[in-house]
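Enquirer: Chains as they are written, first to last, in the numbering used here: chain A, 422 to 570; chain B, 562 to 977.
Hints were generated in silico from the structure; no laboratory data involved.
With the C-beta cut set under 8 Å, the calculated list includes, among others, these residues of chain A facing chain B:
{"hint": "1", "residue": "425"}
{"hint": "2", "residue": "426"}
{"hint": "3", "residue": "430"}
{"hint": "4", "residue": "461"}
{"hint": "5", "residue": "463"}
{"hint": "6", "residue": "486"}
List time: in silico BS3-like cross-link candidates among lysine-lysine, alpha-carbon distance up to 27 Å:
{"hint": "7", "chain 1": "A", "residue 1": "439", "chain 2": "A", "residue 2": "532"}
{"hint": "8", "chain 1": "A", "residue 1": "547", "chain 2": "A", "residue 2": "464"}
{"hint": "9", "chain 1": "A", "residue 1": "439", "chain 2": "A", "residue 2": "547"}
{"hint": "10", "chain 1": "B", "residue 1": "977", "chain 2": "A", "residue 2": "547"}
{"hint": "11", "chain 1": "A", "residue 1": "532", "chain 2": "A", "residue 2": "470"}
{"hint": "12", "chain 1": "A", "residue 1": "510", "chain 2": "A", "residue 2": "547"}
{"hint": "13", "chain 1": "A", "residue 1": "547", "chain 2": "B", "residue 2": "593"}
{"hint": "14", "chain 1": "A", "residue 1": "439", "chain 2": "A", "residue 2": "470"}
{"hint": "15", "chain 1": "B", "residue 1": "649", "chain 2": "B", "residue 2": "810"}
{"hint": "16", "chain 1": "A", "residue 1": "532", "chain 2": "A", "residue 2": "510"}
{"hint": "17", "chain 1": "B", "residue 1": "977", "chain 2": "A", "residue 2": "532"}
{"hint": "18", "chain 1": "B", "residue 1": "977", "chain 2": "A", "residue 2": "439"}
{"hint": "19", "chain 1": "A", "residue 1": "504", "chain 2": "A", "residue 2": "532"}
{"hint": "20", "chain 1": "A", "residue 1": "547", "chain 2": "A", "residue 2": "470"}
{"hint": "21", "chain 1": "B", "residue 1": "977", "chain 2": "A", "residue 2": "464"}
Computed, partial: chain A to chain B, Cβ under 10 Å:
{"hint": "22", "residue": "435"}
{"hint": "23", "residue": "438"}
{"hint": "24", "residue": "464"}
{"hint": "25", "residue": "487"}
{"hint": "26", "residue": "488"}
{"hint": "27", "residue": "489"}
{"hint": "28", "residue": "490"}
{"hint": "29", "residue": "544"}
{"hint": "30", "residue": "545"}
{"hint": "31", "residue": "548"}
We put the CB at the ideal spot given by N, CA and C, even for glycine.
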Amino acid sequence: MTSDLRDLYQEVIFDHYKRPRNNRALEEANHHAQGHNPLCGDKVTIYVKVDDGVIQDVAFEGSGCAIATASASMMTEALKGRKLEDVEKLFHGFHDMVTSPPDAESPPLGKLDALRGVREFPARVKCATLAWHTLQAALRAHDHPVSTE
Amino acid sequence: MKMDSEVLRIPALDVAALRRDFPLLAECVNGKPLVYLDNAATTQKPQSVLDTLMHYYAHDNANVHRGVHTLSQRATDKYEAARARIAKFIGGVSTQEVIYTSGTTSGINLVAQSYARPLLREGDDVVISAMEHHSNIVPWQLVCLQTGAALKVVPVNDAGELEMDEFERLLGPRTRIVAMTHVSNALGSITPIAQIIKLVHDAGAVVLVDGAQAIAHVGVDVRTLDADFYAFSGHKIFGPTGTGVLYGKAALLDRMPPYQGGGDMIRSVTFEKTEYNELPYKFEAGTPNIAGAIGLGAAIEYVERVGVGAIAAYEDELLAYATRRAAEVRGMRVIGTARQKAAILSFMLDGVHAHDVGTILDNQGVAIRAGHHCAMPIMERFGVAGTARASFALYNTFEEVDALFDGIARVQRLFK
Ligand SMILES: Cc1ncc(COP(=O)(O)O)c(C=O)c1O
Numbered sequence: 422m423t424s425d426l427r428d429l430y431q432e433v434i435f436d437h438y439k440r441p442r443n444n445r446a447l448e449e450a451n452h453h454a455q456g457h458n459p460l461c462g463d464k465v466t467i468y469v470k471v472d473d474g475v476i477q478d479v480a481f482e483g484s485g486c487a488i489a490t491a492s493a494s495m496m497t498e499a500l501k502g503r504k505l506e507d508v509e510k511l512f513h514g515f516h517d518m519v520t521s522p523p524d525a526e527s528p529p530l531g532k533l534d535a536l537r538g539v540r541e542f543p544a545r546v547k548c549a550t551l552a553w554h555t556l557q558a559a560l561r562a563h564d565h566p567v568s569t570e
Numbered sequence: 562m563k564m565d566s567e568v569l570r571i572p573a574l575d576v577a578a579l580r581r582d583f584p585l586l587a588e589c590v591n592g593k594p595l596v597y598l599d600n601a602a603t604t605q606k607p608q609s610v611l612d613t614l615m616h617y618y619a620h621d622n623a624n625v626h627r628g629v630h631t632l633s634q635r636a637t638d639k640y641e642a643a644r645a646r647i648a649k650f651i652g653g654v655s656t657q658e659v660i661y662t663s664g665t666t667s668g669i670n671l672v673a674q675s676y677a678r679p680l681l682r683e684g685d686d687v688v689i690s691a692m693e694h695h696s697n698i699v700p701w702q703l704v705c706l707q708t709g710a711a712l713k714v715v716p717v718n719d720a721g722e723l724e725m726d727e728f729e730r731l732l733g734p735r736t737r738i739v740a741m742t743h744v745s746n747a748l749g750s751i752t753p754i755a756q757i758i759k760l761v762h763d764a765g766a767v768v769l770v771d772g773a774q775a776i777a778h779v780g781v782d783v784r785t786l787d788a789d790f791y792a793f794s795g796h797k798i799f800g801p802t803g804t805g806v807l808y809g810k811a812a813l814l815d816r817m818p819p820y821q822g823g824g825d826m827i828r829s830v831t832f833e834k835t836e837y838n839e840l841p842y843k844f845e846a847g848t849p850n851i852a853g854a855i856g857l858g859a860a861i862e863y864v865e866r867v868g869v870g871a872i873a874a875y876e877d878e879l880l881a882y883a884t885r886r887a888a889e890v891r892g893m894r895v896i897g898t899a900r901q902k903a904a905i906l907s908f909m910l911d912g913v914h915a916h917d918v919g920t921i922l923d924n925q926g927v928a929i930r931a932g933h934h935c936a937m938p939i940m941e942r943f944g945v946a947g948t949a950r951a952s953f954a955l956y957n958t959f960e961e962v963d964a965l966f967d968g969i970a971r972v973q974r975l976f977k
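This is chain A alone, in the form it adopts within the complex:
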């Protein structure tokens, strides 16, 4: 495997792909949204339970490629217990990380760093960001206004 491919398909990615975490519907969710990648037809549903401005629980359903699945799985792990005001920052940090040019600096994001290799594969950026965009849609959904009291 050439070095670029190894950057993309790290062991952690395979691990999350084969055993995705929080891969289920969340009955107590008060936010949810469906995302869709028109390029490949993949679909994902993100469920979030928010209380007191904090993400209490988050899960996803759907199956996709290794990158999309691992990204959704890792996202759910990264979000649990986060304050809503931090989520936006994390989204932007993640987005920057996977879209910045390969030689550009971008701040470390802990475990999510495993997806940094995506930026060498522009055709796969949408796979990595699908879950995150869907999360944003879920949190903004009008029928379930974000609770920030």
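Starting from the known structure of chain A, arrange chain B with the ligand on it as the hints suggest.
Expert: Chain B with the ligand alone, transformed into the frame defined by chain A:
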């Protein structure tokens, strides 16, 4: 397994020589020699087509049908000579019946709007198949919405073959038009199009054939087929993008209103009344893709020189070899196993998404398509979101098929 050259017939094509005609095939991708197996999406262009485009713009460029000056005449002559070549290539039809379009999609939309829309009434049926490309689905959905006609869909069996019994059952007195692919872009199935056309004519309706995937791979003779309309794209037969042809029987085209209004498609205009130009110009409003059409003529000339029969026979061998190799790969499932197939191998690997297959193969220089191939209904029929698809053309080699399978082995090692 490498192929055993002793058992295989020597191909009638000198593929090594043909490859030299296509400059792009010498590219390297990701540090590897390009193995281009995405010909169903678009084909590469021979030098003769590139030279024709260059020569046209460097020496002949002018508008067609509207200048008395020499250049305009030269451009017009070449533009019309290309049309004559195409007319001959698709079965010796009249040049009046060869309408330049921007591609298959616009040809189908033309027929949907100019032929079907004025004709369709509530209670009428439009029939398509379950394995159509979106561009042979959506134009019919639109015209059904506009007219109240119903869209009926012929199912396909597990091999990806049309269910002909169902097809016959669907045909009835209210069937007005049947729009059917000649070769499925997602599965490679060749439909029994001659038989279909016969059945539809017996039922008193007309047939539009989507020939996008057939034109460069199986011989097309619209006269023998007795097709009413036949649409294809130039870019899938080694011609420029943004070119295409709609063949239509003159008797039908004559009765159809123009699709678009503008210059070239009129004989005389007053504010009270406009008289339309004769065929085919009635359907060619505005300055066309002149260079593209002439380039398409050069592409057709190239294909004629190689020989459609030789191309089809060679591609059959490539496909048979690829299919044999696929059968030996554990965890590989071919989607589309029709008895009659052309140049397309659509497949799934257990536990691996098509997108990942595409990325890893690309890293090896092997270009395939991964996804739904603009044919989401047939993907759903097979219970998959998408497939990986290798599609062949006359310049592909058995070694390239081997490179594909080396890549597949690598994918499986990575994902095991
Ligand atoms: C079977 C089939 N029909 C129609 C089309 C549309 O062709 P174009 O995009 O050139 O108009 C394609 C191209 O992908 C095709 O494969």
